[in-house]
Every structure is written in structure tokens, then in C-alpha cells.
Amino acid sequence: MILQDKGKMESSSLTQDMEFTAGSGAVLSPEQKASLQMSLILLKNENKFRGLFFWGKIMGLSGDYYIAQGRWQHALSDRKRFYSKDCIKWNLLPEPDELMRENSRLMVGRFTGDPSHEFEHVEIKKVNGQDEEFFTAMKEENRLASVIADIDDDAAIIPRGAYLRTPQGIVKPNKSFEGLSIADATKLESYLHFRDMAKMSGKEVSQRADFNKSLDFLDPISDDIPQGSWSIQSERGSGLVVLRSLIWFGLTFYHIPNTPQYGFMYMGSGENNKDLPFML
Amino acid sequence: MSGQVQEEDFVNAKAYLLQSNLYDHLCKVLTKVLDERPKNAGDSFEDISKDVKKTAFNPESDVLQDKNEDSTEVEIAETHKKLFTKPDELELHDGHDDELGAPLGNLMESAFMFEQAGIGFSREETYRIFLALKQLLETQPIQHIRFWGKILGVQQSYIVAEAEPRDGEDIEPIEKDDVEEGNGERDSDAGGDDQDDDAIPKPDYNPSPVIPREENGVGCNKKIYFVCTEPGMPWTRLPPVTPAQMVAARMIRKLFTGHLDAPVNSYPVFPGNEANYLRAQIARISAATQISPLGFYHFDEEEEEQEETDARDTYVENLEFEPIPVKDLADSNMANWVHHVQHILPQGRCKWYNPFKKDSEELDEENFDDEAEETDAPIPEAGPPLLTPLAEDAEIAHIAPWSTQLSSNYFPQFALAVVRSNLWPGAATVAAGRKFENIYIGVGHKYSLYNYSPPAMPPVGQEHPMMEELTEIEDPSVEEEAAFKAAQQEAEERAEEEAEAEEDGDEDEN
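Protein chains in written order, with full-length UniProt numbering: chain A, 1 to 280; chain B, 1 to 510.
Don't read these hints as lab results, they were simulated from the structure.
Model, not experiment: these values are computed from the prediction.
Mixed in with the good hints, there may be bad ones.
[What the hints assert, rightly or not] Here are the computed distance ranges between Cβ atoms for each label pair:
no.	chain 1	residue 1	chain 2	residue 2	range
1	A	Pro94	B	Ala382	47 to 55 angstroms
2	A	Asp196	B	His398	35 to 43 angstroms
3	B	Glu215	A	Asp184	50 to 58 angstroms
4	A	His121	B	Glu479	52 to 60 angstroms
5	A	Gly63	B	Asn40	40 to 48 angstroms
[Claimed, not checked] Going by beta-carbon spacing under 7 angstroms, a handful of chain A positions derived as facing chain B:
no.	residue
6	Thr15
7	Val122
8	Asp154
9	Ala209
10	Lys274
11	Asp275
12	Pro277
13	Phe278
All C-beta atoms, glycine included, are put in the ideal place defined by N, C-alpha and C.
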């Protein structure tokens with residue numbers, strides 16, 4: 001997702017932004033880029049979005065899903081997600097509720113590429129001393145929506161200061177964000193989870209030396225559990241800082257220090273890495 | 001009158017502003033706004049004001065300004081600079097190129113193919129890798145080199161190059177194997193058996209025999225691999241892989257840190273450091289995911305006659321290869337693709353090695369009973385032969401092991417066939433006509449449907465043989481104790497009585 005919107009058209013900067021996340025090995029083909037440049041503008045216009053961002057790709061067995069996310073005024077809650085199989089035709093993704101997201105975490109296996117595919121989960125519970133099977137079924141479209149919401153919650157990040165919260169409680173891009181300094185850019189404390197602040201503990205953030213209530217309204221990723229769920233690397237020296245989520249393989253975030261350029265892209269299978277504690 | 005009052009007010013206000021330093025500041029801010037004319041000055045007024053205040057503390061000339069900036073960006077640029085050296089006219093290696101065919105394929109061309117499939121890096125990065133491969137080729141006696149892929153590590157990533165050394169010129173002599181050490185230990189153990197019983201008891205733990213690694217140029221060590229973390233940094237040759245490392249690598253899941261000498265802290269213990277682990281994972285990935293269109297390679301017919309009994313492990317390029325239509329290559333039945341790297345057996349080698357062979361010879365000499373030995377003899381492990389079609393690959397719990405697609409929706413006549421491995425996410429192959437390319441870009445781990453759980457600890461070994469006096473019995477209850485005491489007392493009394501009776505008898509006899 002390319003989050004910056006400094007009056008720039010997101011789809012036009014897409015090609016440039018793709019270059020920075022390409023170190024993880026996933027790119028878009030010229031055909032896909034050309035299609036996206038066209039269809040994203042039309043999608044934005046149809047929905048009267050204030051900003052529309054290309055979010056990434058979820059790879060299925062027989063086809064891939066391309067995901068776009070549009071937002072109106074409130075950058076965190078006022079948003080809608082779309083998926084496309086061919087980068088041309090966009091379909092609205094359902095808004096996942098808590099139950100749907102709970103159920104989606106039970107489903108294992110790769111996405112198939114068919115939105116109407118039914119995933120099934122069988123749980124054997126003991127009822128009055130007898131084994132009974134409980135089925136949970138879920139449509140692939142719903143699982144897709146839930147997984148994207150999970151990824152956004154766990155791994156959508158922004159550099160500190162890129163978004164601010166106005167006294168009215170509206171979260172919007174900070175127009176005077178000039179990028180992190182080189183020293184700050186290699187620290188995990190400088191990156192914040194771009195998710196609802198309900199999860200914020202508020203305890204540690206308020207203890208930082210340069211605490212600013214309008215900027216520090218999000219959780220820093222340095223508090224993530226387990227410790228070390230992010231890989232932070234300087235590519236091209238300090239000219240490009242790249243963060244990769246180790247929980248969601250395929251999520252790459254980039255930031256060019258001292259410039260307002262940052263963004264992230266998810267290109268993966270849509271399955272989280274449950275083995276991380278063993279892998280560190 | 002009113003004009004005068006207004007002027008007086010104005011003067012008072014200005015005097016106040018001047019007094020509180022605000023006047024100068026406002027002047028500066030407004031000058032900045034008028035100079036720069038930002039779009040929404042009203043919104044960003046606070047920031048502009050802050051900015052002006054900040055610059056007051058940054059003097060124009062800095063005592064430190066002449067100091068060279070040694071940021072990592074400069075360092076990397078210095079590293080890259082080494083790559084951009086034009087070749088001399090009289091290059092030593094140029095002569096070899098004609099004899100042995102192109103030692104280095106055009107990476108930019110294959111990168112273009114991968115880009116159609118949505119795989120790869122930015123073009124600049126690919127170009128730097130290309131230059132780094134050229135640099136490696138110039139410094140090592142290599143017959144053929146190929147960009148194998150990239151392994152994403154936590155702190156740094158590895159760029160991996162796969163090379164074949166020139167015939168007869170091994171880059172590194174084969175070092176002494178640890179096999180001999182293992183055998184030596186066992187011999188010394190066996191020698192201690194004849195000693196007297198009071199010696200310290202020997203554990204009867206018998207370590208499983210060490211399986212020797214395959215020679216360079218054979219099986220898992222057929223190719224050699226070089227890695228570097230950044231184009232321009234020195235390439236490091238990875239050590240050959242041993243079967244023990246292969247077996248251990250299958251049982252663990254660890255992320256690569258990006259430092260070759262980092263220890264691999266895992267259970268079961270991995271014999272080696274990260275360089276060995278990386279080499280083992282590369283061998284596993286290569287064996288599973290390096291594929292070619294059916295018929296591109298074939299077995300050399302002359303060699304075929306020579307070694308009919310043995311599994312064939314060499315192949316040559318088929319010069320009469322008829323390109324398979326892209327549509328057939330992208331067919332999901334995968335019948336038109338074959339593996340061209342040997343399957344690695346559970347033992348950790350490509351060719352099965354009988355670990356008990358040596359022992360059995362010794363036994364024969366000593367005329368041990370052959371029957372028992374035969375039943376103990378392990379069953380040789382066998383895998384699918386080389387150039388087996390992918391159609392025979394095993395499924396991963398109802399998930400097809402390979403996914404295929406065409407690279408273009410609009411130009412089927414120019415499209416490429418893209419094959420992705422679902423078993424090793426990140427491994428992909430593209431093909432069109434006579435060209436095909438394999439690549440791996442990923443974290444270096446196999447796909448598993450369910451979460452990983454480390455293998456269980458082995459059962460605790462037995463300290464003593466089971467003997468009656470060592471077996472713990474239940475404590476007697478109070479009643480049992482009382483009964484036992486009563487019985488004891490009774491026995492004593494009886495003994496006394498008998499003794500008395502005997503004494504009496506003795507007296508009688510006397």
C-alpha cells in the first residue's frame with residue numbers, strides 16, 4: 001500500500017514505489033502495471049475516494065488476488081477494500097466482523113484463486129462423552145477479507161510522524177512530514193502500527209523523550225510479540241530502509257530517510273508464519 | 001482624532017510585539033511564507049513557524065561541515081564501485097570462453113523473463129548482481145555460473161551463485177572427512193571390552209555410523225555455491241554438505257541471520273554453523289525445484305551402456321530438443337516438466353551408502369552367523385530417478401505441488417509459461433521455446449500446512465539392567481508390618497524352643 005498522498009496520484013507513483021519494495025523478489029509485470037494504472041484511477045473516481053492505494057497481491061494456487069484499498073476522510077476507519085483477479089475488474093470485499101476473523105484463523109491451506117471456494121474446518125469436541133464433529137465453513141472471499149484485515153492489523157506500518165491526529169480525532173496525513181533521520185530510520189521505535197488505537201497500551205509511548213500527543217497515537221512496532229518479528233535492513237546503505245515482517249512473509253515496507261517517501265506492499269500467500277518462535 | 005488613537009494603539013501593539021521578540025519572528029515567518037508561497041499556508045503555519053525557530057539554532061557554517069560524511073550509503077557506493085571496472089583487452093579468461101561455451105548467461109535477459117512473471121528485483125539491482133557474477137567468474141576457475149537466487153535473512157540477505165568448476169580444477173581440495181574420526185572412536189571403544197569387571201562401566205550407547213559425504217562433483221555436492229550479502233562484497237564459497245547436515249536441516253526451521261559464521265541454535269543440534277545450514281537448504285531447494293522442459297536434457301547414450309546397473313546421475317543437453325508449446329508447458333498436469341537435479345534420499349545423500357558394509361566384512365572374517373546379520377542389513381533407500389516428470393511429485397495434503405500460469409492475458413502468442421513451486425514458496429521457473437530459467441527468492445523454508453513442532457526428545461536411557469534387588473517395591477502397610485513382626489517373633493520363639501530342645505537332646509545323648 002502506498003500511503004503517501006501529497007497531492008500525488010497514487011497510481012502514477014505506483015511504478016516508482018514498486019522499485020523500492022522489489023528487493024524482496026516480488027514485482028508486477030508491465031502488463032499488470034499498465035492495467036492497474038488505468039483501473040485504479042477509474043475505481044477511485046467511481047467511489048469518490050480521497051485516496052486509493054494499491055495494497056498488494058495474495059497468491060492463490062490457480063490465480064492471484066490483487067488488492068486495493070480506498071479511503072475517505074478518516075484514514076483508519078473510513079476505508080474500503082477491493083480485489084481483482086485481472087487488475088481490471090474490481091470487486092468489493094466484504095467488511096469482516098470479529099466472528100468472521102476468528103473463523104478465518106481456523107482455516108489452513110493456500111488460497112485457491114476461486115472466490116466462491118468453500119474452506120472447511122472440522123473440530124472434534126467431546127459432547128456427553130461422545131466425539132462430535134463441528135464444521136465451520138467459510139467462503140474464500142470472506143477468508144480473503146479477514147486475512148487482509150489481519151495483515152493490516154499486524155503489519156501495516158508507517159514511519160512516526162507521517163500521520164497525525166487532529167483535535168477532532170481525525171487521522172490524516174501529516175503534510176509537513178519530512179522523513180525520519182538516518183539514525184532514527186534504523187530503529188524499530190520509529191515505526192508505528194497503522195491500526196485502530198484501541199489496542200494501544202499508551203504506557204510506554206508516553207515515556208518517550210519526544211512524546212507528542214498528535215503523533216504518538218499508535219503502537220510502535222518495537223513492542224511486538226515475539227521480539228524480533230521484524231527484519232530491518234538498510235538497502236543501498238542508508239539510502240533505503242526496508243522492513244520485512246517475519247510473521248507475514250511477503251510484507252515489505254520501505255522508507256527513504258529524510259524524504260517523505262514510504263509505503264508497503266504485501267506479496268505473499270496470505271498465510272501467517274506460526275513457527276516464528278522456533279525460527280528466531 | 002480617531003486616526004490619532006488608532007496610530008497610538010498601533011504603536012503600543014508594535015511596542016509590545018517588539019518587547020516579546022514576536023515581531024522579528026513574525027517578520028521571518030511571513031517572509032518565508034511569501035518567499036516560498038506554500039499551497040495551504042494557513043494549515044501549515046505552525047510548522048513553518050517551528051521551522052523558522054529551528055533554523056535559528058542551525059548556524060549557516062558549521063565547524064564540522066568539512067568532515068566527510070561516512071554514512072553507510074557512501075560505503076555501499078564504494079563497494080559497488082569495484083564492480084564497475086571495464087575489462088582489459090587482454091583478459092586471460094577470454095581465451096577459455098570460446099572453448100567451453102558461454103560461462104555466464106545473460107542475466108538481464110532472464111530477469112526480463114522473470115519480470116513478465118512478476119518475479120525479480122529492480123533492474124538496477126539485477127544489473128549489480130550480474131556484475132558481481134562477472135567478478136566472481138574472473139577470480140575463480142569456473143566453467144559455468146548461474147544466478148541461483150536470493151535468500152532473505154533477518155539482518156542481511158544472501159545472493160547465491162551456482163557454479164560448476166572446470167574439469168580437474170577443484171577450487172578447494174577435499175578436506176579430511178570426519179568419518180575417520182568417528183571410526184577411530186568406535187575402535188577404541190571396542191578395545192576396552194576385555195578388561196576386568198572393576199573398570200568403569202562402558203555405556204552401551206552405540207552412535208549411529210557416520211555416513212560419509214558425497215565427493216565434490218557428485219550428488220548433493222555436484223555444484224558449488226558462492227554467496228555474498230551485497231554485490232561487490234567478496235564472495236564466500238559454501239562448504240560441501242554432509243548427510244548429517246541434510247538430515248538435521250530437515251528437522252529444524254530457523255531463519256537465516258545474514259551472517260555465515262552465526263551459530264544455528266536448534267534442537268536437534270545442527271552440526272555446523274549458518275554456512276552449513278544455508279548450504280543444506282540450497283541443496284534441498286535445488287533438488288526439489290530445479291526443473292526443465294521434458295526432453296531438454298537426456299542421458300548420454302554411451303554412458304548409459306556402461307553403467308546400466310547404477311542409477312544414472314549425469315545428463316547432457318539434447319541438441320535435437322523440439323520446443324514444447326508454451327500452452328502445454330503451462331498445463332497443470334505437469335507432464336512436460338522434469339526434475340534435473342537428483343532426489344536426495346532420507347539418508348542425506350543422492351546415492352545410497354550402506355553404513356554397515358564395512359562392519360559386515362569384519363564380521364564375515366570372524367565367521368559370525370550370517371543369518372542374523374542379513375536380517376539386520378538395512379534396506380537400501382531409493383528415490384525417483386533423474387529426469388522424472390513433475391506429474392509424479394507428491395501432493396502436500398491436497399495442495400498441488402506446482403502452480404502454473406501464462407504470463408500474459410492479452411498476448412498468448414508471446415506469453416511465457418510460469419511454474420511456481422508450492423512446496424518451496426519462492427521457487428519459480430519460466431520457460432518459452434528453448435529457454436527456461438529457474439530461480440529461488442525467499443526465506444529458504446519448505447511449506448508446511450500445519451505449524452512446526454520440534455521432534456520429541458529421545459527416551460531416557462536405562463542405567464542398570466533390570467534386577468530383582470534393584471526393583472523398587474511398595475512400602476508395607478502397618479498391618480503387613482505387624483504381621484511380619486509377629487511372624488518373625490514366632491520364628492524366633494520356635495528357634496529358641498528348638499535350640500532348647502536340642503540342648504536337652506544333647507544333654508540326653510551325653
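Hints versus structure:
1. A:Pro94 <-> B:Ala382: 47 to 55 angstroms: With Cβ atoms ~51 angstroms apart, the hint holds.
2. A:Asp196 <-> B:His398: 35 to 43 angstroms: holds, 36 angstroms
3. B:Glu215 <-> A:Asp184: 50 to 58 angstroms: The hint (50 to 58 angstroms, Cβ to Cβ) holds, given that Glu215 (chain B) and Asp184 (chain A) are roughly 52 angstroms apart.
4. A:His121 <-> B:Glu479: 52 to 60 angstroms: holds, 57 angstroms
5. A:Gly63 <-> B:Asn40: 40 to 48 angstroms: For Asn40 (chain B) against Gly63 (chain A), whose Cβ atoms are near 44 angstroms apart, the range 40 to 48 angstroms holds.
6. Thr15: violated, 11 angstroms
7. Val122: violated, 14 angstroms
8. Asp154: violated, 17 angstroms
9. Ala209: violated, 17 angstroms
10. Lys274: holds, 4 angstroms
11. Asp275: holds, 4 angstroms
12. Pro277: Pro277 (chain A) check fails; min Cβ-Cβ to chain B is 10 angstroms, beyond 7 angstroms.
13. Phe278: Hint holds; Phe278 (chain A) Cβ to chain B Cβ min 6 angstroms, cut 7 angstroms.
Checked against the numbered hints given earlier, this structure breaks hints 6, 7, 8, 9 and 12; the rest are met.
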